[in-house]
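Protein sequence lines, in the order shown, are assigned to chains A and B.
Numbering-wise (our numbering), the first sequence opens with residue 1 and increments by one.
Numbering-wise (our numbering), the second sequence opens with residue 1 and increments by one.
No lab work stands behind these hints: they were computed from the structure.
Ideal Cβ placement from N, Cα and C applies to all residues, glycine included.
Check before you lean on any hint, since a few could be wrong.
[As the list claims (entries may be wrong)] List of simulated lysine-lysine pairs, DSSO-like, C-alpha gap at most 30 Å:
hint: 1; chain 1: A; residue 1: Lys-69; chain 2: B; residue 2: Lys-66
hint: 2; chain 1: A; residue 1: Lys-58; chain 2: A; residue 2: Lys-105
hint: 3; chain 1: B; residue 1: Lys-20; chain 2: A; residue 2: Lys-68
hint: 4; chain 1: B; residue 1: Lys-20; chain 2: B; residue 2: Lys-64
hint: 5; chain 1: B; residue 1: Lys-55; chain 2: B; residue 2: Lys-14
hint: 6; chain 1: A; residue 1: Lys-105; chain 2: B; residue 2: Lys-66
hint: 7; chain 1: A; residue 1: Lys-105; chain 2: B; residue 2: Lys-20
hint: 8; chain 1: B; residue 1: Lys-66; chain 2: B; residue 2: Lys-55
hint: 9; chain 1: A; residue 1: Lys-105; chain 2: A; residue 2: Lys-69
hint: 10; chain 1: B; residue 1: Lys-41; chain 2: B; residue 2: Lys-66
hint: 11; chain 1: A; residue 1: Lys-69; chain 2: B; residue 2: Lys-14
hint: 12; chain 1: B; residue 1: Lys-55; chain 2: B; residue 2: Lys-20
hint: 13; chain 1: A; residue 1: Lys-68; chain 2: A; residue 2: Lys-58
hint: 14; chain 1: B; residue 1: Lys-20; chain 2: B; residue 2: Lys-66
hint: 15; chain 1: B; residue 1: Lys-20; chain 2: A; residue 2: Lys-58
hint: 16; chain 1: B; residue 1: Lys-20; chain 2: A; residue 2: Lys-100
hint: 17; chain 1: A; residue 1: Lys-68; chain 2: B; residue 2: Lys-64
hint: 18; chain 1: A; residue 1: Lys-100; chain 2: A; residue 2: Lys-58
hint: 19; chain 1: B; residue 1: Lys-66; chain 2: B; residue 2: Lys-14
hint: 20; chain 1: B; residue 1: Lys-64; chain 2: A; residue 2: Lys-69
hint: 21; chain 1: A; residue 1: Lys-58; chain 2: A; residue 2: Lys-69
hint: 22; chain 1: A; residue 1: Lys-68; chain 2: A; residue 2: Lys-105
hint: 23; chain 1: A; residue 1: Lys-58; chain 2: B; residue 2: Lys-66
hint: 24; chain 1: B; residue 1: Lys-41; chain 2: A; residue 2: Lys-68
hint: 25; chain 1: B; residue 1: Lys-41; chain 2: A; residue 2: Lys-58
[Said to hold, decoys possible] A few chain B residues that face chain A, going by a derived Cβ cut-off under 8 Å, partial list only:
hint: 26; residue: Val-11
hint: 27; residue: Phe-39
hint: 28; residue: Gly-113
[Claimed, not checked] Some, not all, of what chain B presents toward chain A, calculated at C-beta under 7 Å:
hint: 29; residue: Pro-40
hint: 30; residue: Ser-43
hint: 31; residue: Leu-44
hint: 32; residue: Leu-46
hint: 33; residue: Thr-49
hint: 34; residue: Tyr-58
hint: 35; residue: Gly-61
hint: 36; residue: Phe-67
hint: 37; residue: Leu-74
hint: 38; residue: Glu-87
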Amino acid sequence: AQSVTQLGSHVSVSEGALVLLRCNYSSSVPPYLFWYVQYPNQGLQLLLKYTSAATLVKGINGFEAEFKKSETSFHLTKPSAHMSDAAEYFCAVSVGLGDKIIFGKGTRLHILP
Amino acid sequence: GAVVSQHPSWVICKSGTSVKIECRSLDFQATTMFWYRQFPKQSLMLMATSNEGSKATYEQGVEKDKFLINHASLTLSTLTVTSAHPEDSSFYICSARDPLAGHPGSEQFFGPGTRLTVL
């Protein structure tokens, strides 16, 4: 079975500060990992995905994530937070690209002016 | 990227009625679509996997007789909530798997969601 755990249901950072959202995964097979963002009352937008091609994955809007097998982690970072980054972020895992996706519980990112 | 639409975007219905939600892949053919439910301030929970031309595969704990899924064409899947009750009020989101499934460029594309409120 696969699962993801997101540490911290709420994270607050100041505008311009580093954003770090934590995600740990559990998988019996090599995983595919994703980060999605959701704005209020909207669907999901893919930020980035790990497909085993490279451990450091760069996504949209300046976000990136690093796959660390030894730590079973896939933390999301952004060097400098913008007010527009305030949203809900979901880490997710899948056994195959295009296969069903298991989501974490989400982390709401608050940006402080 | 590929576009997935849902209709309606929101619906309010009386308890005991049935509601149909449509999920369409607008610019690609999707042999597989997924239906998720999201309660307020919670994560997305997979309800079922819908395969074109065959029966849907439901996740454990999801009532297949209550949540009817039909995937009659490569661009359309429907979710019907039968005899809806207030506890069925939720945000329902579909996703469609693109034709590159299994390839590094593959991903699921999510619809904008449908807000169901049962009075």
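Structure-based check of all given hints:
The suggested pairing of A:Lys-69 with B:Lys-66 is violated, with an alpha-carbon distance near 41 Å, which exceeds 30 Å. For the proposed pair A:Lys-58 and A:Lys-105, the alpha carbon gap of about 23 Å is at most 30 Å, so the pair holds. For the suggested pair B:Lys-20 and A:Lys-68, the alpha carbons sit about 43 Å apart, so the restraint of at most 30 Å is broken. Straight-line distance between C-alpha atoms of B:Lys-20 and B:Lys-64 comes to about 14 Å, which keeps the hinted pair within the 30 Å bound.
Between B:Lys-55 and B:Lys-14 the CA atoms are separated by roughly 28 Å; this keeps the pair inside 30 Å, and the hint holds. Our distance criterion of 30 Å between C-alpha atoms is met by A:Lys-105 and B:Lys-66, whose separation comes to about 25 Å. Proposed proximity of A:Lys-105 and B:Lys-20 is supported: the alpha carbons are some 27 Å apart, at most 30 Å. Taking the CA atoms of B:Lys-66 and B:Lys-55, the gap is near 15 Å; set against the 30 Å cutoff, the hint holds.
A hinted pair counts as satisfied when its Cα atoms are at most 30 Å apart, and A:Lys-105 with A:Lys-69 qualifies at roughly 21 Å. Under the criterion of a C-alpha separation no larger than 30 Å, the hint pairing B:Lys-41 with B:Lys-66 is consistent with the structure, at around 24 Å. Proximity of A:Lys-69 to B:Lys-14 is assessed by CA-CA distance (about 49 Å); at most 30 Å being required, the pair is judged violated. Our distance criterion of 30 Å between C-alpha atoms is met by B:Lys-55 and B:Lys-20, whose separation comes to about 17 Å.
Pair hint A:Lys-68 plus A:Lys-58 holds up; C-alpha atoms about 15 Å apart against a cutoff of 30 Å. A hinted pair counts as satisfied when its Cα atoms are at most 30 Å apart, and B:Lys-20 with B:Lys-66 qualifies at roughly 12 Å. A hinted pair counts as satisfied when its Cα atoms are at most 30 Å apart, and B:Lys-20 with A:Lys-58 does not qualify at roughly 38 Å. For the given pair, B:Lys-20 sits about 22 Å from A:Lys-100 by alpha-carbon distance, which is consistent with the 30 Å threshold.
Distance restraint check for A:Lys-68 and B:Lys-64: the Cα-Cα separation of roughly 39 Å exceeds the 30 Å cut-off, and the hinted pair is therefore not satisfied. Taking the CA atoms of A:Lys-100 and A:Lys-58, the gap is near 23 Å; set against the 30 Å cutoff, the hint holds. Using a Cα cut-off of 30 Å, the hinted pair B:Lys-66 and B:Lys-14 holds, with the two alpha carbons roughly 16 Å apart. Distance hint between B:Lys-64 and A:Lys-69 is unfulfilled; the C-alpha atoms sit about 37 Å from each other, more than 30 Å.
Among the hinted pairs, A:Lys-58 with A:Lys-69 is consistent with the structure: their alpha-carbon atoms are about 17 Å apart, no more than 30 Å. Restraint check for A:Lys-68 and A:Lys-105: the C-alpha separation of about 20 Å stays at or below 30 Å, so the hint holds. Straight-line distance between C-alpha atoms of A:Lys-58 and B:Lys-66 comes to about 41 Å, which puts the hinted pair past the 30 Å bound. With a C-alpha separation of about 29 Å, the suggested pairing of B:Lys-41 with A:Lys-68 holds against the 30 Å cut-off.
Using a Cα cut-off of 30 Å, the hinted pair B:Lys-41 and A:Lys-58 holds, with the two alpha carbons roughly 27 Å apart. Look at B:Val-11: its Cβ only gets to about 14 Å from chain A, farther than 8 Å, so that hint breaks. This hint is violated: B:Phe-39 has a C-beta 11 Å from the nearest C-beta of chain A, more than the 8 Å allowed. Because the closest C-beta pair between B:Gly-113 and chain A is about 5 Å apart, less than 8 Å, the hint holds.
Interface hint at B:Pro-40: violated, since its Cβ lies 11 Å from the closest Cβ of chain A, which is beyond the 7 Å cut-off. About 5 Å separates the beta-carbon of B:Ser-43 from the nearest beta-carbon of chain A, less than 7 Å, and the hint is met. Interface restraint check: B:Leu-44 against chain A, minimum CB-CB distance 5 Å, threshold 7 Å, status holds. Checking B:Leu-46 against chain A: minimum C-beta separation of about 6 Å stays under 7 Å; hint holds.
Given the 7 Å rule on beta carbons, the hint for B:Thr-49 holds: about 6 Å separates it from the nearest Cβ of chain A. Violation of the interface hint for B:Tyr-58 is found here, the shortest Cβ-Cβ separation to chain A being roughly 12 Å, above the 7 Å cut-off. The beta carbon of B:Gly-61 comes no nearer than 14 Å to any beta carbon in chain A, farther than 7 Å, and the hint placing it at the interface is violated. Because the smallest distance between the Cβ of B:Phe-67 and any Cβ of chain A comes to about 16 Å, over 7 Å, the interface hint for this residue is violated.
The criterion of a C-beta within 7 Å of any C-beta in chain A is not met by B:Leu-74, whose closest approach is roughly 15 Å, and the hint is violated. Here the hint on B:Glu-87 is broken, as its CB sits about 20 Å from the closest CB of chain A, past 7 Å.
Checked against the numbered hints above, the structure violates hints 1, 3, 11, 15, 17, 20, 23, 26, 27, 29, 34, 35, 36, 37 and 38; every other hint is satisfied.
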